[in-house]
Amino acid sequence: MKSSSLFQDNLRGRRERCLNMGKVAPFLFSSVCLTTIFSLFIFYSPGPSKPLPFYSSRNPVNNAIPNKLDDTDQKLQLITEPQNDDEKPQLIEPQEKGGDENCDLFKGHWVPDLKGSLYTNYSCSTIPESKNCFRQGREDKDFLNWRWKPDQCDLPRFDSIKFLEMVRGKKLAFVGDSVSRNHMESLLCLLSQVEVPIDVYKDSEGRNRIWRFPNHNFTLIVLWTKFLVEGEERMINGSTTGVYDVYIDKVDEKWTKDLPDLDYVIISDAHWFFRPIYLHEAGNIVGCVYCDEPNVTRREVSEAVGMALGSALKYINQCKKCKRVVTLLRTFSPSHFENGVWNTGGNCNKTNPSGETDIDSGSSELGLRNAQVKELEIARIRGEKRGKRFRVLDITMAMLMRPDGHPGAFWGNKWMKGYNDCVHWCLPGPIDVWSDFLMAVMERTES
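For the sequence shown, position 140 (counting from the first letter as 1) is numbered 140 according to full-length UniProt numbering, and the numbering increases by one without interruption.
Hints in this document: simulated from the structure, not taken from any laboratory. Check the hints yourself; a few may be wrong.
[Stated by the list, open to error] Cross-link-like lysine-lysine pairs, in silico, DSS-like; alpha carbons within 30 Å at most: (1) Lys202 with Lys417; (2) Lys171 with Lys257; (3) Lys321 with Lys202; (4) Lys314 with Lys170; (5) Lys171 with Lys385.
Make a model of the complete structure from these sequences and hints.
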């Protein structure tokens, strides 16, 4: 190296000058010269001997992350100056060790991630235009450089090679609405970095999909359903009304008919319940959501969601041909509209995660999550007697902290310009952590 050669030249010159001083002890001067030159070299060298600046994880949300992200690399070295003189210099880098089996993976916080995303919108060709936020004009990229850290352990990064070996010869289906499909699209991008999937089936609306990974004999499926149970929109003179009748005791056969052939089912619901709904059971109206009618019990959204999910999980428990299926509930994925809702100018313009203290523990989103987990626990207890396995992907709290991960204005919908998508998630983006959770839970289940 150039700096090394300069060091050698200077060293040689100083040695010669020192040895020519006849009356002074040569060894003493040689030692002084060497010490002086070496100290100057170390001090001014750009090498690793200099201490690194500091990045604090105590309050990562309030730290500005330098924007050095390249579109094709999506990695960022998160280094900033100390917050105060008492803090010691350090470089935060997430661990990738597997955690304690009893550790709660879903209780934690977001920390800086030096590695960034495992794929880009260049390396994954299956990203839908509406989730391809960078292609649609989003310029900030810091939102990719955060990673979920459980409080008591570490959540390993998703390993596509390992995952494909785990699901070799199996079928995994996502059952739910468009957010469920969003999860599948994220998983598809992660897996496509190892094996290029084959698009086997797509219905006319793009709602139901089948992808194959032939080298691993693995099938990835999306089974689309609004409510998990049967539901239909009321019509007046051939026009839609936005009001739905939902039949709690009639599970939607569009997804249940495929259950016996599946090994894993990731089930979710909720977003379609935020509208006027009349709930039917045993031929009677047992309640309604967003209505005000005499003699009709008014229900909260969380109640309706719990009732529908309970029926779906009960069906799985009673399915005699579904003994090998592992059912995973993915809890409610929150939206982050501010200053209105989707059709009243609501937006989601934040570019950093929220902190734990910013989350309202009494929020309606967590109420929905609680209703879902309650139904899952009922199903799990009943299922143990039948050899059925039920698990949870409890993503709600983690995603409440990620208002920065939605497409917002960058979703490219030419028919709905001026509206923001604060429900779905950018790809790549925070939603990729759902597959980290998925793999960890699947490993625990199989062990």
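Going down the list of hints, with the structure as the test:
At most 30 Å may separate the alpha-carbon atoms for a hinted pair to count; Lys202 and Lys417 meet this at roughly 26 Å. Under the criterion of a C-alpha separation no larger than 30 Å, the hint pairing Lys171 with Lys257 is consistent with the structure, at around 14 Å. Of the pairs offered as hints, the one joining Lys321 and Lys202 holds, with about 26 Å between alpha carbons and a cut-off of 30 Å not exceeded. For the hint pairing Lys314 with Lys170, the CA-to-CA distance comes to about 23 Å; that is within 30 Å, so the pair holds.
For the given pair, Lys171 sits about 24 Å from Lys385 by alpha-carbon distance, which is consistent with the 30 Å threshold.
Of the numbered hints given earlier, the model fails none.
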